[in-house]
Amino acid sequence: MLGDRVFAAVVTLLAFGVVALSLGLGYYLYLGGAQAIERFGFWGFLTGTTWDPALKEEFGAWPYLVGTLLTSFCALLLSLFPAIAAAIYAAEYAPRWLVGVINYLVDLMAAVPSVVYGLWGIFVLAPFLREKLFLPAYMWAAENAPGVLPYLGNPSGYGFFTAVVILASMIIPYTTALARDAISLVPQAQREAAYALGATRWEVMRLAMLPYARGGILAGVILALGRALGETMAVAMVIGNTNIMLKLLGIPLLYPLFGPATTMPSVIALEFKEAVTDIHLSSLIALGFYLFLVAFAVNLLASYLINAFKVGGQRA
Amino acid sequence: MRSLQARYNRDRFMMALLVLGTALAALPLLLLLGYALIEGFTSLNWDFFTKTQKPPGELGGGMAQAIVGTIILNGVALLLAIPFGLAAGILLSEYPEHPLNPPLRVLSDTLNGMPAILKGLLAYVLIVKPMGGFSGLSGAVALAFIMLPILAKSTESVLRLVPWTIREAGLGLGLPRWRVILSLVLPAARAGVVTGMLLALSRAAGEAAPLLFTAFGNVYMQFNLLQPMDSLPVRLYTYAVSPYDDWHRQAWAAGLVLLGLIVLTSLLARWATRGRQ
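Protein sequence lines correspond, in order, to chains X and S.
Counting from 1, one number per residue, gives the positions in the first sequence under our numbering.
Counting from 317, one number per residue, gives the positions in the second sequence under our numbering.
Treat the hints as calculated values from the structure; they're not laboratory data.
As the structure is a prediction and not an experimental result, all values here were calculated from the model.
In this text, a Cβ means the ideal position worked out from N, Cα and C, and glycines have one as well.
There may be inaccurate statements among the hints.
[Claimed, not checked] Computed list of lysine-lysine pairs in DSS-like fashion (alpha-carbon distance at most 25 Å, straight line):
#1 K370(S) / K273(X)
#2 K56(X) / K247(X)
#3 K445(S) / K273(X)
#4 K273(X) / K56(X)
[Stated by the list, open to error] Residues from chain X that keep clear of chain S, each with C-beta distances beyond 10 Å, as calculated:
#5 L46
#6 A54
#7 L65
#8 L77
#9 A86
#10 R96
#11 K132
#12 M139
#13 G147
#14 S156
#15 E203
#16 G226
#17 R227
#18 G250
#19 L253
#20 H280
Take these sequences, add in the hints, and give me the full structure.
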C-alpha cells in the first residue's frame with residue numbers, strides 16, 4: 001500500500017538521522033581537528049607533551065590523555081565497592097520500602113547536573129579534603145618523608161584527588177543501575193535452589209547469583225568508565241587545570257596526587273572561548289576527536305556486553 | 317566444610333559490608349542535596365527570577381535572562397529532537413525486520429554514552445563556524461543531539477509495552493500499518509512517550525559544557541535565536557568560578573533551581589507512568 005510505504009520511508013529517513021549523527025560526530029570532529037592532526041601527525045599529536053598556544057604554537061594531547069585516563073580509572077576503582085554493594089543490597093536484601101528509596105536516589109544521582117556537582121566540589125568537598133586530608137598528610141610527609149612531597153603536590157584542595165572523588169560519586173549510579181538490573185534478572189529458581197541447599201544469604205549471592213550476573217555488572221562498570229571519560233564541568237571546576245606532569249622512568253606519566261591536573265574535556269571547555277588562532281582551535285577539536293575514539297570504543301564494548309548478557313547471563 | 321557458626325558470621329559480616337557500601341554510595345548525594353537546600357534557600361529571592369545580571373562586584377541582580385534562555389534553548393532543542401527521536405523509536409519497535417535496525421540500535425546506544433561536550437563541538441563545527449558566531453540556535457542543536465538517543469531509547473521501550481493484540485486488532489479491522497501505529501500504538505503509549513521527553517529534557521537542561529562554545533552565554537535578556545543566549549548551567553558555572561561572594565550565593569540559588577527542576581520532572585515522569593500501569 002502506498003500509505004504504508006510513504007510512512008515507512010519517512011520514519012526510516014528520520015531515524016537515519018540518528019545513525020548519521022553518530023557517524024557525523026566522528027567525521028566532523030576529525031575535519032575540525034584535521035589541521036592540527038596533519039601538522040603534528042596522528043601519533044605525533046597524541047604523544048606530544050607540549051601544549052603551548054602562546055609562543056611556540058605547538059600542541060600535543062599527551063598530558064590531557066593521561067589525565068583523562070588516570071582520573072577515570074581511579075574514579076572507577078573508588079566507585080566499585082559502594083556501587084556494587086548498593087546494587088546487591090537494593091536488588092536482594094533491602095526491605096521493600098528502602099528499595100524504593102535507594103532506586104529513587106540512584107536515579108536522582110544520575111540526573112544531578114555536572115555543574116551542580118562542581119559547585120559542591122568547589123565550596124564543600126575541596127575545602128573539606130584540604131583541611132582534613134591533604135594538609136595533615138602533607139605536613140606529615142614534610143617531616144617524615146620529604147622525598148614524596150613532589151608526588152603529593154600542592155595541597156590547595158583543587159587537584160587530581162578531589163576530581164577523582166567527584167567523578168566517583170558521579171558514576172556510582174551508572175554501575176549501580178545496570179548491576180542491579182543484572183542481579184534481578186537471575187532466575188528465581190536459581191536462588192531458591194541455593195537456599196534449599198542450606199546456603200546463607202551471602203553464599204547464595206556468591207555462588208548462585210554473582211556468577212550469573214557477572215556480564216551485566218561488567219557492562220555497568222564499562223559504561224560508568226565511558227561516563228567518567230567524558231565528564232566535563234565538575235572535573236574542570238575542581239581539578240586545577242595544569243598540564244605539568246611528573247616523570248616516571250623519564251616519561252611524563254603521572255600527576256601529583258593532591259596537586260592540579262587536567263583532562264581532555266576540561267581543557268576543551270576552558271580554553272575554547274579563549275582560543276584565537278586557527279591551530280589552537282583545531283588542536284582543541286582534535287582533542288575532542290581522540291576523546292571520541294576512546295569513548296566510542298568503550299561504549300561499543302559496553303553495548304556489546306549488555307546485549308551479549310541480556311538473557312539472564314547464560315553466556316557468563 | 318566450615319563450621320555453621322563461621323558461615324553465619326561471614327554472612328553477617330558481608331551484609332554489614334553491603335549496608336556500609338550502600339550508605340557510602342548515597343552519602344555524596346545526600347550531602348550535595350543538603351548543602352544545595354541550605355545554601356540555595358538562603359540565597360533565593362524574588363530578584364533572582366525577575367532581574368538580570370548586575371555588573372561584577374555590584375550586589376543584587378538575578379538570573380532572569382538565564383532562566384528564559386534555558387527555557388528557549390531546551391524548548392527549541394526538544395522540538396528539533398522529537399521527530400528524529402520518535403521515528404528512531406518507532407522504527408526500532410514497530411519494524412523489527414528493518415535492515416537499518418541493528419546499526420541504529422548500537423549507534424543510538426553509543427551516541428547516548430558519548431560525552432556531551434563532543435556534541436557541543438559538533439554543533440560548533442556544523443553551525444557556529446559556518447555562521448560566523450555563537451548563537452542560541454547552535455546551543456539548541458547541541459542540546460537536541462543530547463536528547464535524541466534518550467528519546468529514541470525511551471520511545472522504543474514504551475512502544476514495546478503496548479500489547480501486540482492492539483496492533484492485531486487494528487490490522488484485523490483492515491487498517492493500514494501506518495494508521496495502526498499512529499492511531500493505536502502511539503496513543504496507547506502516550507504517557508510513556510511524554511515521560512521519555514521529560515527525561516530527555518531534564519538531562520539536557522543541566523548541561524553546561526556543550527553550551528560554552530555554542531550558545532555562549534549572555535548577560536542581557538535575549539530572545540533572538542541567532543544571538544548568543546544565556547542558560548542557567550552556564551551562568552552557574554561562571555558565577556561559581558568567579559571571585560565574588562554575591563555571585564557564589566547566586567550560583568547556589570541556581571543550583572537549587574536546577575535540582576528542583578530535575579526532581580520535579582522525575583516526579584512528573586513517575587506520576588505519568590504510574591497512572592498508566
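How the hints compare with the structure:
1. K370(S) / K273(X): holds (22 Å)
2. K56(X) / K247(X): holds (22 Å)
3. K445(S) / K273(X): holds (13 Å)
4. K273(X) / K56(X): holds (20 Å)
5. L46: holds (17 Å)
6. A54: For A54(X), whose nearest Cβ neighbour in chain S is about 20 Å away, the distance exceeds 10 Å, so it holds.
7. L65: About 14 Å separates L65(X) from the closest Cβ of chain S, which puts it past 10 Å; holds.
8. L77: holds (14 Å)
9. A86: A86(X) not clear of chain S: closest Cβ-Cβ about 4 Å, inside 10 Å.
10. R96: R96(X) clear of chain S: closest Cβ-Cβ about 15 Å, beyond 10 Å.
11. K132: holds (14 Å)
12. M139: holds (26 Å)
13. G147: At roughly 32 Å from the nearest Cβ of chain S, G147(X) sits farther out than 10 Å, so the non-interface label holds.
14. S156: The claim holds: S156(X) sits with its nearest Cβ about 14 Å from chain S, beyond 10 Å.
15. E203: violated (7 Å)
16. G226: violated (5 Å)
17. R227: The claim is violated: R227(X) sits with its nearest Cβ about 7 Å from chain S, within 10 Å.
18. G250: holds (32 Å)
19. L253: Nearest chain S Cβ is 24 Å from L253(X), so the label holds.
20. H280: holds (13 Å)
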